[in-house]
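A.B. asks: Residue strings, one per chain:
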Amino acid sequence: MSKKDTYDMFEMDGDMEKKKKKKKVNKKEKMEGMKKEIDIDDHEITIDELEMRYNTSVTKGLTSTFAAQVFERDGPNELKPPKGTPEYVKFARQLAGGLQCLMWVAACICSIAFGIEFAKGNVNCFDNLYLAVVLIAVVVVTGCFGYYQEFKSTNIIASFKNLVPQQAVVIRDGQKNVINAYQLVVGDMVEIKGGDGIPADIRIITSQACKVDNSSLTGESEPQSRTPECTHENPLETKNIAFFSTTCMEGIATGMIISTGDRTIIGRIATLASGVGNEKTPIAIEIEHFVDIIAGLAIFFGFTFFVVAMFIGYAFLEAMIFFMAIVVAYVPEGLLATVTVCLSLTAKRLARKNCVVKNLEAVETLGSTSVICSDKTGTLTQNRMTVAHLWFDNHVHAADTTEDQSGKSFDQSSETWRSLARVATLCNRATFRPDQEGLPIPKRLVVGDASETALLKFTELSVGNVMDYRDRFKKAVEVPFNSTNKFQLSIHELDDPLDLRYLLVMKGAPERILERCSTILIKGQELPLDEQWSEAFQTAYMDLGGLGERVLGFCHLYLSEKEVPRGYRFDADEMNFPTSGLCFAGLISMIDPPRATVPGAVMKCRTAGIRVVMVTGDHPITARAIAANVGIITEGSETVEDIAQRKRIPVEQVNKRDARACVISGGQLKDMSSEELDEALRNHPEMVFARTSPQQKLIIVESCQRLGSIVAVTGDGVNDSPALKKADIGVAMGIAGSDAAKNAADMILLDDNFASIVTGVEQGRLIFDNLKKSIAYTLTKNIPELTPYLIYITCSVPLPLGCITILFIELATDIYPSVSLAYEKAESDIMNLKPRNPRRDRLVNESLAVYSYFQIGAIQSFAGFTDYFAAMAQEGWYPLVCIGLRAHWENIHFQDMQDSYGQEWTFNQRLYQQFTCYTVFFVSIEICQISDVLIRKTRRLSVFTQGFFRNKVLVSAIVFQLLLGNLLCYCPGMPNIFNFMPIRVQWWFVPVPYGILIFVYDEIRKLGVRRHPGSWWDQELYY
Amino acid sequence: MAKDGDNGWKEYVWNPRTREFLGRTASSWGLILLFYLVFYIFLAGMFCLTMYVMLQTLDDHKPKWQDRLSTPGMVIRPKGDEYYQITYNTQKTESWDMYAQTLDKFLSPYNNTAQVEKNNVCKPDEYFQQEDSGEVKNNPKRSCQFNRTILDECSGITDRYYGYQEGKPCIIIKLNRVIGMLPGKDGQAPFVTCGAKKEDTEKIGELQYFPPNGTFNLMYYPYYGKKAQVNYSQPLVAVKFLNITTNEDVNIECRINANNIPTGSERDKWAGRVSFKLRINTI
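Each protein sequence line maps, in turn, to chains A and B.
The UniProt record's numbering applies: residue 1 is where the first sequence begins, and numbers increase by one.
The UniProt record's numbering applies: residue 1 is where the second sequence begins, and numbers increase by one.
Bound conformation, chain A alone (with noise of 0.2 Å):
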């Protein structure tokens, strides 16, 4: 086939593809493709197939020409950022929410009103300009606040961003160049060494011990070695494909470039992390689910008595101000920047604790969450291998594998322990990096591989100084560590100067060194390694590796002076020593332990009903290991093989209800129907997933939210991104994370600690709480705003309460009481509650709503009223004449209108009584929403119990309000600017006994609900 035929044929399928995405018109079937297991087989044909395939040459490479074609087809090699959106539509976002166009709508009424008015010539209109200019500013600056609130968290994510630019080196033309990463086309020969990241999907051709990590990726903990022959089907599972943006960390290798850009592994997953829509936070859902109530109910409100004033007689003008007004009273306008403030003022308590929050609103996510879907490796785990276990004299000690040493160590004294220790220090390669002495031990840097470094902190922990004990063994040979005879061995000199044997020490996988072995070492007595020694080994070998550790032996020989004396010349390559005959120490198993906090976290979440699933990409083995030490699964919890093998019958005749614990490999998910897994999730209420790939982790997060779950996922992988993404809540590791899982999470530990999780659904199940006191709060005060404007519809008596006036209290005086109740404490030990079923515990329930409009804000409407009457009367209109004034108290040419005294006011005169008016009802609300405050501290318990100024901010608050009140009615210059007149210091008490009214009532409520526990009055009353 020549050359260009293979161009062409190339084409065409690229043709053929373009095609096939435009008939994929619908998305979801898009993403459904997304979510199938990557399908390529570049890794399992031979190399002259794969040399066709590409039109390139293993030794050659591409020609520049050719290269430059591709480049031209594919674009370059680098994964396209995910389509933002323009900051222009953010912003509109925040001013086109369903309470802000109410909000416009009315402020839109107030201009064309100011407008024909002003037409008609009148000037003493400037009222509704001014209203209308006041309710636009009112939803400019929420959504200013709004907005500053998402762009800062948008900062965030930008700072993690990595700017420098890849190098790569690359064969073209059978010449080596180093060009940018991002012109690598497919067909690419490009050379890696340790140290470099990966620039492309690749297909080894040759390698030399090379190894890649790729715990970004599929979340093994240790390197995998890279080779050239194909060992697995499955692209993620086989040894021949190195990953675009995992990095090499030893060794060399050349490999051609199978994929670029976003069509390699992490390109797709990419692609998939943003395809998968942001579901939108369950509290999202319940402000939205309400907003739609009040606004809905304002429409309603509005255009009942638009029909009402259009049937008593008023004028169309007249009515549409009044549906506006209506709107203005009844839409609480403060309240989405209270929720703001709320939820930000939890976000910086967070942030405290190290878990900082993105998106505010994922802060009471979390506290509604019910199933973590937990990452393991370096989430639950510290990401970094520990000597776990030992066996040596027939006995397994168990080393500390805290972060912090603080655990308890096993019995140093044997003579064993000091040869196995002997063995481990100088059979090992590893050093620390320079200049660490102040850092304690296990957070010091090593060079060396994981299991190396496991063993050199092991050591410089139990022996002490290593550098300076090796220095007394003298090295005088080494064989590294290869695949093909599993074992690394050197040869020392004594310490002892008068001692003149050499020293061999050898370690590698268990059953290589036993072989080599003739004798083992018991209490310090070499004795023959007999049956009974062999199989204690095999026991002790088999439990080691059932915990999911990985296990190596040692042994140790001395080389007798006579065969080889002072000086001999050993060669490693021909191994001119005796390697076998050799005596066995011990056995070390090494494992990532799990942090120190997390079972503890693990614990704590199953006193507050969340379940915690691990979902892993690294071995089943392993993982259940890790999930029963933190308690994942529980101690006596059996999966459904356990229970075969116990009652000694085979699987399929175990009853799967039995087993409470279960756990399921990539391998087996895939086969599985979503119905099955739903099964599985529903039977088992102790899950792990391991070998997992990132498409599995999504089918999994789906199918809990299938099952009403609020699922919050944590991770650090790039593997985790789409997952995060599809959660509920992305919860992502701040130092070990990678930039694709903090862009997909909604929230950072920055601690990595599993344990801030627990903090975070504290924080988040009391914020809800909390949220739900403030907006009882800040609703009770909707309905004395809006009964003034239906009295003055229906019985015309001159206006109690003006727009101006309603704005202040809604965004002036009442925001921070508000705000002040979400530092209020927990009524009850919320981490023992279960979870909060998203269907029924709404934020905004029919109770609350009914409680705070129809009982509480009945009582403060009436409160209001009684100190208008009074404020009306003792100036001179007796209550009874007040009805039905509206008509002549308007009308502007009215200058000697008689009062119920028979004096003779003018238009002014009664304009500034009418102010009074305004002032006392802004008082009157005022002081009942102090007393408002006050019973909303708690919903069930007495606020006695809960105590009266233990909530600091909430006793400011309301002096502040006072301050606030009284600053509005005695400055000088409100009459005419704010529409607020100095009014009679008796006026404000006379709301007082509707406030004690309001505090008794509750009082009484509460101990009702407490009393009787569900009974009619806790249905009823209990919010």
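Accuracy of the hints is not assured; some may be wrong.
[What the hints assert, rightly or not] Pairs of lysine-lysine, DSSO-like flavour, derived with a Cα cap of 30 Å: (1) A:120 to B:197; (2) B:269 to A:120; (3) A:90 to A:280; (4) A:120 to B:277; (5) B:64 to A:120; (6) A:120 to B:198; (7) A:475 to A:443; (8) A:193 to A:176.
Simulated from the structure, these hints should not be mistaken for lab results.
Starting from the structure of chain A, add chain B where the hints point.
C.D. replies: Frame of chain A; chain B shown alone:
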């Protein structure tokens, strides 16, 4: 789906299975309505109680506070149209006739016969105080006569068209009633002065006040309220424009002059002053 939702909605309104209307059974509705009935009766009761207590604190004859009325308002008669504009044509009777009628009607209670019948002759130039002696109310209180004849040429007796026909119209000014107000200190009676606004000073011509000097005699004060002083006759001042420029708008402002009445705020154009526009067409 939509049908489902429809059913759900219908079921919410009336669920035949559980016999629930809007999510509640009859007994549940009964209970909750009873609860609210009791609740609101209690609230209304409390409202009535507080209102009753409040009303008890009120005096029948004098409002508790008179914060808004420190500067009494002033008004003119005839009022003209809404904008305090008096425009008429001397040639067209129908254009001024209504003004005369308005004044006739306004002045009829001031007829001497009526005044003599109801009111007393008081001692002029001093306040007509009728204090209560402690608990014993001195009610009903007597009022002083304000005879229509005091207005002389503007009384409508000598000239039943109040000078409108000749282009020498009368405007009657009154000071709003405020209970207990004692205008003028040291025996000096308050008086009304009228003048033109800046650009119209040339046009206003000569003015004549009735009673002379445009005073409100002190004997008409204080006012004791419509309950105690049923027949109170508000004192009036008439202004006659003797040779006002015709066929042009003339803006006129009258104000009260009393040494103890504060000048009202700039915003209230009718407190202690009154302005109006006068236009007499002759063509």
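A.B. asks: If any of the earlier hints don't hold here, list their numbers in rising order.
C.D. replies: Violated: hint 5 alone.
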